[in-house]
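Visitor: Residues per chain are reported as follows:
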Amino acid sequence: MKRIGVFVCHCGINIAGTVDIKRVVEAVKNFPGVVYVEDYKYMCSDPGQNLIREKIKSEKLDGVVIAACSPTLHEKTFRNTVSQAGINPYNCEIANIREQCSWVHTNMEEATEKAIRIVKSIVAKTLLDESLVPIKSPVVKRALVVGGGIAGIQAALNIANSGYEVVLVEKEPSIGGRMAQFSETFPTLDCAQCILTPKMVDVASNENIKLLTYSEVVDVSGSVGNFKVKIKKKAKSVDYEKCTGCGICVEKCPVKVPNEFDRGMSERKAIYTQFPQAVPNKPVIDRENCTYFQKGKCRLCERVCPFGAIDFEQEDEVIEEEVGAIVLATGYELYDVSNMGEYGGGELEDVIDGLTFERLLSSSGPTSGEVRRPSDGKVPKTVVFVKCVGSRDPEHHFPYCSKVCCMYTTKHAMLYKHRVPDGKAYIFYMDVRTAGKGYEEFYQRAQEEDGVIYLRGKVSKIYKSDGKLIVDGFDTLTGRKVQVEADMVVLAMAIRPSSGAEKLFNLLKVSTDANGFLTEAHPKLRPVESLTAGIFLVGCAQGPKDIPDSVSQANAAASMISVMFSQDYLIHEPIITGVNEDLCSGCGICVAVCPYDARKINREKGTVEVNEILCEACGACAAACPSGAAQQKNLTDRQIISMIKAILEE
Amino acid sequence: MEVSYYPGCTLKTNGKNFEVTTLKLLEKLDVDVKELEEWYCCGVTFSQSEENLIQKVAPIRTLVKAKEAGRKKLLVLCAMCYNTLKRAVKFIKDNPDKRDVIHDFMDRESTKYFGDEVEIIDLLSLLKLIGREKIREVVGDKRLNLKVAGYYGCMLLRPRDIAIDSETNPTLLEEMLENFGLSPVYFPFRVECCGSYQILNNSDFVRKQTRLIVSSAIENGADFIVTLCPLCFYNLDEVQKEIAEEDSAFKTIPVMYISQLLSIAAGISPEINDFNLHSIDPRPVLREKGLL
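Chains A and P are the protein sequences, given in the same order.
The working numbering puts the last residue of the first sequence at 989; the count rises by one with no breaks.
The working numbering puts the last residue of the second sequence at 328; the count rises by one with no breaks.
Next comes chain A alone, as it looks inside the complex:
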């Protein structure tokens, strides 16, 4: 029988305050296999760990049970400790007597009894633990970045500059994302394009970056270190090798459609580059709107192209890439204004969202930066801004704060006042949240220097009367109803995850929260990793955030990936669910339940095989297997039964 040592931690008063440590120590002494028991105030401290190492040697222990906090906290710590003293780390187990015992109980008598039983069951498990060796797997030192907005661009550049290859996939014809649509940025009012375009150009010229625009990820298999990704390159109908981006085709194309980049406020052609600073600065044909593709006639662009670059025969192409890590930077979109019927959203032309207003402010926008309202092109003399539209409204829309609206609405009002000095800007708000460097000062400036009027309260309805937009609201500071006759209204709509992203998230099996944003592995300590190893989350795909935060996240993810790529092998936990071939009948039930595609039937042998790298030890197969052939390492049926027996024993 194994010689097991049990080390009971007080965790200050975290455990000792509710669990009688002395009694636990006394009770544990008599368990089968236990040859040594000791308690200590902080087992995870240096002296605590030294104590464990000394006793392993002096007492010739070959199994260790640490009765302390949850294994998610210190299992790794203690397994390292015991391996330094020569024990296989998988012979060290944690009995969780804090989160599952002392913290959730108040009665000392009962908590102590429960702690003893928890320790007892873990001792029973440890007795049957095997010595395991971590599984090593090679790393493909290439990364995939999905989404070419500021977050994706920053992550791609950093990984590429660390010397690793990057495949950057963007669904639009150009990279740049939402930031390319912005006018000026808060709180410095520097032009978004001016700070973004150099980075876009860097992406295009970086030898380590393979840029795939007008492309989408359609399939992903494999796992950390070795993903296989299928990417659909949509037919651009233009041969980029030949095209010089001269723009003659765009000029001559006779088809005009609403320009999405300008939120429908201008027109673009059927063959188009998204915006003047687009990267790559070459056009694509929008086949849905192209006369030739719809009616079989025209081909004017082909005739005028001096380089013979137009290629109507081009087809969608699916390519396969191997990568070791994936960065999801799929970004956001705004909740549609048509969801706000009471504000005339979608009905009243001059009730627009924040992103549309960005285009009106932008010098490259449809009005060249003059604030002119969409309905008749007049300069609005009174503009009302409404914050928290769809956000912070759990009953009707979404419960969360969209985070950036306080700042960008302040910026909008300020820029409007700069362009239309005799205009009036009103902001209806619930709160003004300005947590960020220089943000509060920016907000003060808007009120004091630019005379933006802040009204604390919600807007109940917006409607048209006598050519004016009547905004009915409430000022909670004076307790009065307010009515503003406005020429234009800007709604700070809630930030939502990009609509196409959900499909990709499902494909990757990464989890999202109730609002559709990606869930991080730990909200504080692992903020840019997903729960699926090797997949990282940056930018607004993970939650609403501003440019500095997106860039910081991108830097963080890139640095984590660089660390991963700096090693030749990835270490995979050896706790996996294998197959006992003598028992396996090859029925395939486990194959069907495996969420990681780790199991498949070997027809020749008539049994199931496991790809150990893919197995995440979720245990679904072990539970489903009718013959007991699927057994999780160090959590076998035998171990579970012995643990249950130990817990129930009187």
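Please keep in mind that the hints were generated in silico from the structure rather than gathered at the bench.
Hints are all accurate, no fakes.
Think about it this way: if two alpha-carbon atoms lie no more than 30 Å apart in a straight line, the pair counts; the simulated BS3-like pairs of lysine-lysine are:
(1) A:K797 <-> P:K244
(2) P:K287 <-> A:K820
(3) A:K807 <-> P:K244
DEER-style ranges, computed between Cβ atoms:
(4) A:D770 <-> P:D310: 46 to 56 Å
(5) P:K277 <-> A:H735: 36 to 46 Å
(6) A:H735 <-> P:G167: 20 to 30 Å
Just so you know, these numbers come straight off a predicted model, no measurement behind them.
We put the beta carbon where it would ideally sit given N, CA and C, even for glycine.
Chain A is fixed; fit chain P onto it per the hints.
Guide: For chain P alone, coordinates are given in the frame of chain A:
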């Protein structure tokens, strides 16, 4: 489909047109409607006091009768009755202790009412349940060229847990008008309060509200305002007449119960209405539109 029907006091008197036209309309839509043999005052308004249980007895008595009648659904046309009964159901479901006290008090009734036995349903939700196809079958493809401002009032939309639709941006009424081949007019004051019982002690406020609602409906091109609430009907119709008598520049618009127009759309003769119950006579507009 078969439903029990609870009229309430107004629908037998001032709101008679609402009842008469609805019953004809539902007959045409193959709904078997049976009025409860015995019913009581709904309680008029839902008592806000949770302790004053005696005020809950009236609606519960009616619910007991509905349960005894054996039909799964109880149609309540008057918005005020709907609100009172629906909230009483919720109250009795959520407060088992108080339910027991009420049961003990009601010693004449042998049936007990627990909350889930009968579903209280309003006219719009019932029409939704009947479905667009059935309605189109009866109405046909014709459109009446009537612009109708649907006025919700508050009783069908608040509080949220008994509401038939969103209280800020409802669409059900307009959807039904559309289904019956009428053209809904979205006007901004369709969920504004009509002033309700303020008509008794602060009639100036009701005048202000009526002026606001009516003008907005006219401005948005409506030929009629329709409502489902007898009190809204009174405040919009009668008060409009009073305003018009004092202010000759004030434009009026006829107010109808929604079923009055839907039944016309379904080919039922307008003659079944008693137009003397209207302060603003809708007949001139009906004639102008060739419907009378």
